[in-house]
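**Q** Use the sequences and the hints to build the structure in full.
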Amino acid sequence: VIAWNWAIPLAVLNGLLLWLLSDENRFTLEVANPVTGASYNVLPLVALLAAPISAAVIVLFLTLAGDRRWGRFAAVALGLAASAVYVLLIFPVMWPRVFQEQYLGLMVLHLGLLAWAGIGVVAMWRGFESDQRFAFLFKSLEALVVAGLFAIVGGIFMGITFGLFGALGINLPDAVARLFIAGGAGLIIVVAVALVYDPAVRPAEQSFDEGLSKLIALLMRLLLPLTVGVLLVYLAFIPFNFREPFENRDVLIVFNVMLFAVLALMIGATPVRSQDVSPRGQMWLRRGIIALALLAILVSVYALAAIIYRTSIDRLTPNRLTFIGWNIINIVILVLLLIKQLQAGRERWLPAMHRTFAVATVFYIVWTIFGIIALPVLFRGDPAQVAGLPVRVQQI
Numbered sequence: 080v081i082a083w084n085w086a087i088p089l090a091v092l093n094g095l096l097l098w099l100l101s102d103e104n105r106f107t108l109e110v111a112n113p114v115t116g117a118s119y120n121v122l123p124l125v126a127l128l129a130a131p132i133s134a135a136v137i138v139l140f141l142t143l144a145g146d147r148r149w150g151r152f153a154a155v156a157l158g159l160a161a162s163a164v165y166v167l168l169i170f171p172v173m174w175p176r177v178f179q180e181q182y183l184g185l186m187v188l189h190l191g192l193l194a195w196a197g198i199g200v201v202a203m204w205r206g207f208e209s210d211q212r213f214a215f216l217f218k219s220l221e222a223l224v225v226a227g228l229f230a231i232v233g234g235i236f237m238g239i240t241f242g243l244f245g246a247l248g249i250n251l252p253d254a255v256a257r258l259f260i261a262g263g264a265g266l267i268i269v270v271a272v273a274l275v276y277d278p279a280v281r282p283a284e285q286s287f288d289e290g291l292s293k294l295i296a297l298l299m300r301l302l303l304p305l306t307v308g309v310l311l312v313y314l315a316f317i318p319f320n321f322r323e324p325f326e327n328r329d330v331l332i333v334f335n336v337m338l339f340a341v342l343a344l345m346i347g348a349t350p351v352r353s354q355d356v357s358p359r360g361q362m363w364l365r366r367g368i369i370a371l372a373l374l375a376i377l378v379s380v381y382a383l384a385a386i387i388y389r390t391s392i393d394r395l396t397p398n399r400l401t402f403i404g405w406n407i408i409n410i411v412i413l414v415l416l417l418i419k420q421l422q423a424g425r426e427r428w429l430p431a432m433h434r435t436f437a438v439a440t441v442f443y444i445v446w447t448i449f450g451i452i453a454l455p456v457l458f459r460g461d462p463a464q465v466a467g468l469p470v471r472v473q474q475i
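Numbering of the sequence shown is given in the numbering used here, commencing with residue 80 and proceeding in unit increments.
These are calculated hints, taken from the structure and not from any lab test. A virtual CB, placed ideally from N, CA and C, is assigned to each residue, including glycine. It cannot be assumed that every hint is accurate.
As the list claims (entries may be wrong) - Ranges of calculated distance between the beta carbons of each label pair, as one might list FRET restraints:
{"no.": "1", "residue 1": "Ala453", "residue 2": "Phe325", "range": "24 to 34 Å"}
{"no.": "2", "residue 1": "Ala111", "residue 2": "Arg366", "range": "51 to 61 Å"}
{"no.": "3", "residue 1": "Pro318", "residue 2": "Leu99", "range": "50 to 60 Å"}
**A** So this is what it looks like as structure tokens:
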């Protein structure tokens, strides 16, 4: 049963909050050069705060529609608020300016992951066993897919609406566009969670054998052999373009996105319960996941070598340190997956998969918190160091 009496008002509230924050004329983060006084717009505030605000609203929904344990809600909400305030207060101590820009960009991802972890703390209110954590991962993926479908429909509706008014020569104001984009996104994410998650039961006790859950699992399992094939072809082409990631930053970004996508694919393809897939189907699933993990490790080591090389010929930056860490963590997770599969064998492969991804959540949360807290300390700088440089250089 979907708790619409709480979901709809909270979704509207979240949408309105994000809509108000999306006014870039009033809410935009700036980095300033204290030597020259010049300031530069870097990031809309809504990009940084959307995840913590939405997570707080989702946690409020889970609390109101669930067992109403207000202590957990307060702890998570205060923790997310403190993290966001820390980022906003601490980023000016970083120097040069590009480090501030990189840190703020990274915090969009890190605060998003921390917000997701906060939701998980409330969802797994009786314990954090591996099956509970894996079920929460699967439901998180399901909510993202539902939100994506709603976003596509919303984008089509927005295009039609603006097209109709444009045909009459009427240009809708910026506030209306922001209402569709930011407000719609805030509404969609809460509704998506309400549709896929029952706050009254724990993650492992949710429904996974009907409707969208079955469709997502089927799609991920169909994508598994296709992804293995694509990676095989890709690896065959690497020797002919070996230097590309060492010289092209955009290629490295693609590699890192691929890594996260591969892990998401593995989560979606792995059954939550053994009875969801036949023994023969489980055998082929296991083989496909192992093959994908092996190929992903090769690509990941290649990408990590490229990042380390680029760092060695230049310097360590917040971006490079963060993604070196993410690469190492993802490689460790994939290697751990292979080790646990070898130890477990065919009979106990599924619990071993669940344990691997449960451990992965710990790695992700630890590195997320490290990135938020430690980067400003490690890359702290003194703007006065550039005071003696020519004005032209100071303004860079």
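**Q** Each hint should be assessed against the structure and marked as holding or not.
**A** Each hint tested on the structure:
For the pair alanine 453 and phenylalanine 325, the beta carbons lie near 27 Å from each other, so the given range of 24 to 34 Å is met. For alanine 111 and arginine 366, the hinted distance range of 51 to 61 Å is satisfied, since their beta carbons lie about 56 Å from each other. Checked against the hint of 50 to 60 Å, the C-beta distance between proline 318 and leucine 99 comes to roughly 53 Å, which is consistent with it.
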